[in-house]
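Listed below, chain by chain, are the residues.
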Amino acid sequence: MNNSRRRFLQIAGVSALGLGAKPVLDAFAAGGGEGPGFHVARGEDALDAKQWAMVIDTRQLQSSADLEPIVEACHKVHNVPTTIVNKNHEIKWIWEAHYHNAFTDKTNPFLNESVEHRPFLLLCNHCENPPCVRACPTKATFKRERDGIVLMDFHRCIGCRFCMAACPFGARSFNFRDPRPFIQETNKQFPTRAKGVVEKCNFCAERLAVGKMPACVEASNGAIAFGDLYDEHSEVRELLKENYTIRRKQTLGTEPAVYYIV
Amino acid sequence: MKDKKKILVGLAVFIAAITFPFWYNMGKAAPAPEVELTAKAKAAKVCVMPTAYMQANHMQLLDVWRHKVTRNGERMFVNADGKMFNMSLSNTCLDCHSNYEQFCARCHNYASVSPYCWDCHIDNPKGE
Chain V
48 MNNSRRRFLQ IAGVSALGLG AKPVLDAFAA GGGEGPGFHV ARGEDALDAK
98 QWAMVIDTRQ LQSSADLEPI VEACHKVHNV PTTIVNKNHE IKWIWEAHYH
148 NAFTDKTNPF LNESVEHRPF LLLCNHCENP PCVRACPTKA TFKRERDGIV
198 LMDFHRCIGC RFCMAACPFG ARSFNFRDPR PFIQETNKQF PTRAKGVVEK
248 CNFCAERLAV GKMPACVEAS NGAIAFGDLY DEHSEVRELL KENYTIRRKQ
298 TLGTEPAVYY IV
Chain G
46 MKDKKKILVG LAVFIAAITF PFWYNMGKAA PAPEVELTAK AKAAKVCVMP
96 TAYMQANHMQ LLDVWRHKVT RNGERMFVNA DGKMFNMSLS NTCLDCHSNY
146 EQFCARCHNY ASVSPYCWDC HIDNPKGE
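Top line first, the protein sequences correspond to chains V and G.
Read left to right, the first sequence gives residues 48 to 309 (this note's numbering).
Read left to right, the second sequence gives residues 46 to 173 (this note's numbering).
Watch out, some of these pointers could steer you wrong.
Claimed, not checked - Below, a list of computed lysine to aspartate or glutamate pairs in the EDC-like style, where the Cα atoms sit at most 20 Å apart:
(1) V/Lys186 x G/Glu81
(2) G/Lys171 x V/Glu232
(3) G/Lys113 x V/Glu232
(4) G/Lys113 x V/Glu137
(5) V/Lys259 x G/Glu119
(6) V/Lys242 x V/Asp95
(7) G/Lys171 x V/Glu253
(8) V/Lys97 x V/Glu232
(9) V/Lys186 x G/Glu146
(10) V/Lys123 x G/Asp108
(11) V/Lys296 x V/Glu91
(12) V/Lys134 x V/Glu192
(13) G/Lys113 x V/Asp95
(14) V/Lys97 x G/Asp168
(15) G/Lys113 x V/Asp200
(16) G/Lys128 x V/Glu91
(17) G/Lys113 x V/Asp225
(18) V/Lys190 x G/Asp140
(19) V/Lys242 x G/Asp164
(20) V/Lys235 x G/Asp48
(21) V/Lys242 x G/Asp140
(22) V/Lys123 x G/Asp164
(23) G/Lys113 x V/Asp152
(24) V/Lys235 x G/Asp168
(25) V/Lys235 x G/Asp140
(26) V/Lys296 x V/Glu163
(27) V/Lys235 x G/Glu79
(28) G/Lys128 x V/Asp92
Stated by the list, open to error - Sample of chain V residues facing chain G (criterion: CB under 8 Å; computed from the structure):
(29) Gly60
(30) Val61
(31) Ala63
(32) Thr185
(33) Phe189
(34) Lys190
(35) Arg191
(36) Asp194
(37) Thr239
Treat the hints as calculated values from the structure; they're not laboratory data.
Keep in mind the model is a prediction, meaning the values are calculated, not measured.
The beta-carbon is built from N, C-alpha and C at its ideal position, and this holds for glycine as well.
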């Protein structure tokens, strides 16, 4: 009698456990996966490359006036705040710099004067070996396998600024304040950023995805070429074959993908 | 067992006190909010996924979208009916649902959640 009562209680207990666990197991079974019946695909017009690269012909960009429309085109499409007065809070995607600041490792005491006094366009180099990506603790910034763009997922950025310390090119800026009041003309098709995230040039990933060239390339009247670095017949490779080019801080081994014809 | 009475009274008071919020608020639950659709959303009739799925899972879907777009560069969404959409919160979702106050905010306030989508994504991209 005693024995069978114990047995009954054991069975009852296990059954209760089973019944209680079922909704939990169902919930787990339902979670994950892609969801019912949809799939995602790449756009038909999307441009592809193994590693996007840029060649800037600085011979065609002799003065600040030549650079201005290029910089403006970028700032306009990406909602870059341009009216921040405090230099420490400045947001930079593409900007003008002096030769000595751009090519710190190539400053002989006596330089070709025309090159030395030319303004240079600087932007994120989308390095093949990007130190910012290694520094990021949340993988908010990453190198895209499919096209070599060093991109940011702003949702994930926790604003630690390790990437800014890691980047040897000063290509990253931190939003110390809400950028919205400082955007001159808002492009409503593109998001702004929020206070507390880092931002930088994205090689116009959103334009490449719909078959358009980057905004700066379009605004440059042919002074900037853009293409696949690993396609022998691409425009950038043709230019690299025919012209002597330099890159910024090449000795650091990050392999920048932005080349300058001087 | 001579304190049986006291114990029972104490128990009754305790249970009454602890269940007070439940019976006090009985029947007074705030009604679930009615969301308003824009003319554009009404005309479209269906969202990218069935309404019930969207109500329950739009945040998970947006998470999938973000991941695919940023990490894989895949921007086209094909639903079960084979219809294609651009995976963009700014340009697809908020284009139809351009009435933040009457659509997004009503439910979010009711559920007491405050997602920060609109810190970056601009509401009503076409400005209608």
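Taking the numbered hints from earlier one at a time, note which ones the structure violates and give those numbers from smallest to largest.
1, 3, 4, 6, 8, 9, 10, 11, 12, 14, 17, 18, 20, 21, 23, 27, 29, 30, 31, 32, 34
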